[in-house]
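Chemist: For reference, the chains in residue letters:
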Amino acid sequence: MTIGTSVKRVEDPRLVRGKGRYVGDIQLPGQCEAVIVRSQHAHANLRAIRTQQAANRPDVLLVLTVNDLPDDLPPIPMRLSPEGSLELALQYPLAKDKVRYVGEPVALIVAKNRYAAEDAAELVEIDYEPLAPVASVDQALSADAGLLHPAVGSNDLFVIHSQKGSVEEKLKESPHVLQEELYVQRHTGVPLETRGLLAVYDPNRTSGKLTVYGTTKVVHFNRQILARLLKQDESQIRCVETDVGGGFGPRGEFYPEDFLIPYAAMQIGRPVRWIEDRLEHLVATNHSRQQKHRVTVGFDEEGRILALRDEIFVDTGAYIRTHGVTVPALTQAMLPGPYDIEALELTTHVVATNKTPTGTYRGPGRFEGTFVRERVMDMIAKTLGRDPLKVREINVIRPEQMPYSNGISALGQEVELDSGDYPRILAHVRRVMNWDGFAARKAEAAASGRLLGMGLAMFVEKSGLGPWEWAEVELLENGEACCKTGLADVGQGVKTMLAQVCSDRLGLPYTKIRVVHGDTAAVPKGNGSFATRGTVMGGTAAWQAADALRSKMLQTAAGLLQIETAQLGLLGESVVMQATGQTLLSFAQLLEECRRQGIRLREEYTFSAAHMTYPYGVHAAEVEVDQDTGRIKINRYYLAYDVGRAINPLLVKGQLVGGMAQGLGGALFEKLYYDETGQLLSGTFMDYLLPSSMEVPDVEVEILEWAPSLLNPLGVKGAGEGGTVAVAPAVANAVCHALQDYGLAITSLPIRPELIRQAIRQGKNRPKGAEVLS
Amino acid sequence: MSWENSSQRGIAVKPAVFDYYSPQTVHEALLLLEQHGFEAKILAGGQSLIPTMNMRLASPKVLIDIGRIGELESIRVSEEEIQIGGMTRQFLIEQSPEVARYCPMLAEGIKLIGHPQIRSRGTVGGSLVHADPTAELPVILCTLGGAVTLASLDGERVVPAEEFFLTYLTTAIEPNELLVAVQFPRIQPRSGHAIEEFALRKGDFAIVLAAAAVTLDEAGKIAAASLGLGGVDGAPVKLDQVTDALLGLEPDSRLIQECCEQIRDIVEPESDIHASAEYRRDLSVTLGRRALETALGRARLSLT
Chain A
1 MTIGTSVKRV EDPRLVRGKG RYVGDIQLPG QCEAVIVRSQ HAHANLRAIR
51 TQQAANRPDV LLVLTVNDLP DDLPPIPMRL SPEGSLELAL QYPLAKDKVR
101 YVGEPVALIV AKNRYAAEDA AELVEIDYEP LAPVASVDQA LSADAGLLHP
151 AVGSNDLFVI HSQKGSVEEK LKESPHVLQE ELYVQRHTGV PLETRGLLAV
201 YDPNRTSGKL TVYGTTKVVH FNRQILARLL KQDESQIRCV ETDVGGGFGP
251 RGEFYPEDFL IPYAAMQIGR PVRWIEDRLE HLVATNHSRQ QKHRVTVGFD
301 EEGRILALRD EIFVDTGAYI RTHGVTVPAL TQAMLPGPYD IEALELTTHV
351 VATNKTPTGT YRGPGRFEGT FVRERVMDMI AKTLGRDPLK VREINVIRPE
401 QMPYSNGISA LGQEVELDSG DYPRILAHVR RVMNWDGFAA RKAEAAASGR
451 LLGMGLAMFV EKSGLGPWEW AEVELLENGE ACCKTGLADV GQGVKTMLAQ
501 VCSDRLGLPY TKIRVVHGDT AAVPKGNGSF ATRGTVMGGT AAWQAADALR
551 SKMLQTAAGL LQIETAQLGL LGESVVMQAT GQTLLSFAQL LEECRRQGIR
601 LREEYTFSAA HMTYPYGVHA AEVEVDQDTG RIKINRYYLA YDVGRAINPL
651 LVKGQLVGGM AQGLGGALFE KLYYDETGQL LSGTFMDYLL PSSMEVPDVE
701 VEILEWAPSL LNPLGVKGAG EGGTVAVAPA VANAVCHALQ DYGLAITSLP
751 IRPELIRQAI RQGKNRPKGA EVLS
Chain B
1001 MSWENSSQRG IAVKPAVFDY YSPQTVHEAL LLLEQHGFEA KILAGGQSLI
1051 PTMNMRLASP KVLIDIGRIG ELESIRVSEE EIQIGGMTRQ FLIEQSPEVA
1101 RYCPMLAEGI KLIGHPQIRS RGTVGGSLVH ADPTAELPVI LCTLGGAVTL
1151 ASLDGERVVP AEEFFLTYLT TAIEPNELLV AVQFPRIQPR SGHAIEEFAL
1201 RKGDFAIVLA AAAVTLDEAG KIAAASLGLG GVDGAPVKLD QVTDALLGLE
1251 PDSRLIQECC EQIRDIVEPE SDIHASAEYR RDLSVTLGRR ALETALGRAR
1301 LSLT
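Protein chains in written order, with the numbering used here: chain A, 1 to 774; chain B, 1001 to 1304.
To be clear, the hints were calculated from the coordinates, so they are not data collected in a lab. Hints may contain errors.
Here are the computed lysine-lysine pairs in the DSS-like style, where the Cα-Cα straight-line distance is at most 30 Å [unchecked claim]:
hint	chain 1	residue 1	chain 2	residue 2
1	A	764	B	1202
2	B	1202	A	112
3	B	1014	A	96
None of these values were measured; they are calculated from a predicted model.
Between the sequences and the hints, there should be enough to build the whole structure, so can you do that?
Modeler: Pasting the structure below:
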């Protein structure tokens, strides 16, 4: 039984010895390198692209502009949350007529090596006719703004509206109404290994003529798109996932390069590799998160929310990418979180701007919505002078209300919270953080001039997005098992998880289960790894497949031993008597028998799920603020997460701690700054501030298994994103608490020391308790 | 030799084409500088130059790598000063007991430069000549009133720190000159040094940094004091107006605070994406005060 135990990762021995093979490690004979020439302008007409000089350089093999691509090449389609009207705002692999963001691919150069390609890239002359850039949502929606996509008719590309109950009426009845504008900055997942692709084309092969290394996350889906764009049969394309240095959402989607590199390889008949550099990465790979929320909330004297209205503006960037309206839709659907709110009205605008297009990043929509909602909870508490924890207790959905539909849909399904004990987790955090005793500590610290604060944030996550996932499990001749999965390995420990799940069913050590993934030649189908779906969907598929294999093994043994199947079990690589554990037949003997009878010990399973499953948790932070500089020091950070059932608590903890570090980046450090001309100002790691080990505090993690999912036999809920989504409000609430005498109300991210220092300086000059809005 | 045709095996070389020289002596390096002048860049530790070349923000035609000139790597202590060779790696300074003993500000400040990996490559001369307005070494050199020795084929000249740093990334060095050594004055008896900086993350370039040196007379009154700031102008700013007001006094915290308040009106920082001018002013006051207080405290400690 390895389910529930913190076994070591099967992935690591190879990786920590430097034996990982990333796409940049592959060297093939005749391999060439590609470089992309990208737009320097945020918004401009392309009058001419002159490539002759570049093409004449020695060692240059191919130069492509849009004129060299097929006339009928379609744009890159939406993978998730497609909306017909948005097809007019999709991106073509190379800019046509117009560029719409700094970093948009304009030309591709392939040369014998990267150096020659970079030299040639400098010789491409692009004749731009600059257009007025639209650098912000406000600008995009102003009456005189130029349109990014005139065919759509507006920069407000798409509007999502949901309503439950009558907000107007309830707001009128509310004793208190609070209005606030909150803002989450543009930032994104930054895998330390940038994107990379290697395409090999061999026209002499009868099938699988084109091989693409470097695809990940949604390998089968990307093959399907590539086949469509190249007008090839899917069977002619093999996509292979190599080791991946971080995914986090942006990595692995279908980008312009995912078409261009295979296309180039087919043109020149030599392997073509492209490795994104960091400057490119920060302008070319999906951005995320940038949203503005206009919240109106009505509540009673106790802090009970009677109505919530939120008008949300998503700065979606220059094009609609593969995620369609996933982030806007999820923002809305998950905004109410753990609270039972009678009347809701949510409107989300998907707004085009001349900036890098956006997509999902760990906790898409929830990082943003949780910040907004949990700050609002604290603002309600502050308005009423009540305990913020108490206000949450009053509002949370009770266990007896489960399953609970919040009335809003996303990803094709209504949000139906399947299980959870929200009041209990609030009581738990009250105790763990010694919440009630903090006032005395705070006062004591204040007496010696120190500013302490404590804050918390509650969150609900979603996991296990369908529609289905596939697995096949086989007991091999050598006594080991092979598990094929449609999931992708982006470093999250998917192989270990699947090995544990199979081990549990098969009575084999988890180290004897080989997991095969990410190669379309080996795995016939799959939906990949995203949306915290791996363990719920892929884990369950493997569990079911292994369970079917188990039955087959037991039946075969029962026939041989003349003992009823029900009395038999699998343990220690043997068939045993279930009751006594007595060994009856080794797997070697069983395999021998199966060989004789011509039985192949292989089963597959496709697990489908119409509804997601919803884990939940809480983050709490104790901070100290340096009055003179505004620096925030996190003295204690705690997070509790009910994942239903943890297959491997060590891996869950790893997910949560790593997720917290990314959440902290979004809370305090990371920001993709654009100036008014649409130029990215934080385009290197000197200016795009990722938290390092020196900035991330110790994180106390408590994994709870209070409310197993009823939607899958393992009872699991996903663990991938809960570490990230509530960091910003937990820290913000703690900082506001520390500065309660100065009246700081944090309404925007990141929380930079400057903002805090400004509040302290202003607060010193004004009466205690006055509100200072940032 | 040229890198142009050397990359057939897939070596990822990203800068634009340049000629590369690796002189073995200062004289050889100066000959090359004389020959190539404006077109040449000196490669020392490469911590700023290489990234800008890789991003093709800088495309020098000629690179003169002084990394093999042994005579430029030294730490020598004399009666008056510590003289450090231009090519001396920062980590050697960090680990030097002489530096810790005779120039505590340098020992303390050098640890604030980037991360260990950066200090293991970065050089004292490279940092001074690069002259980033928020770098530690220029501020330390100005605060202590040190100097640099610049060599050319015409001979050597010694330039005091306050004349060396002109503005953003610009110094008084001529295209045919090489920074061969830097002189930091030794700490005097009854003195204290301190350096304070504020960065958004550990190891980042500072938003603002302040360095202070205080010397007391035998009665415990301030005989000499200096305060320097980085990150508030194109070059380090020395605040003699502030420290002169403390001479002959035995200041308490309140007096230092009062003196430092005027920094707010003296400095004229600019805003960027990491901090506004107003915040930099504010930090200047706080860090200046903290540095002075700490330096004074250490000087007093040395009296006992």
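Chemist: Determine for every hint whether it applies to the structure shown.
Modeler: Cross-check of the supplied hints:
no.: 1; hint: A:764 - B:1202; verdict: 29 Å, holds
no.: 2; hint: B:1202 - A:112; verdict: 41 Å, violated
no.: 3; hint: B:1014 - A:96; verdict: 28 Å, holds
The earlier numbered hint that this structure contradicts is number 2, and it is the only one.
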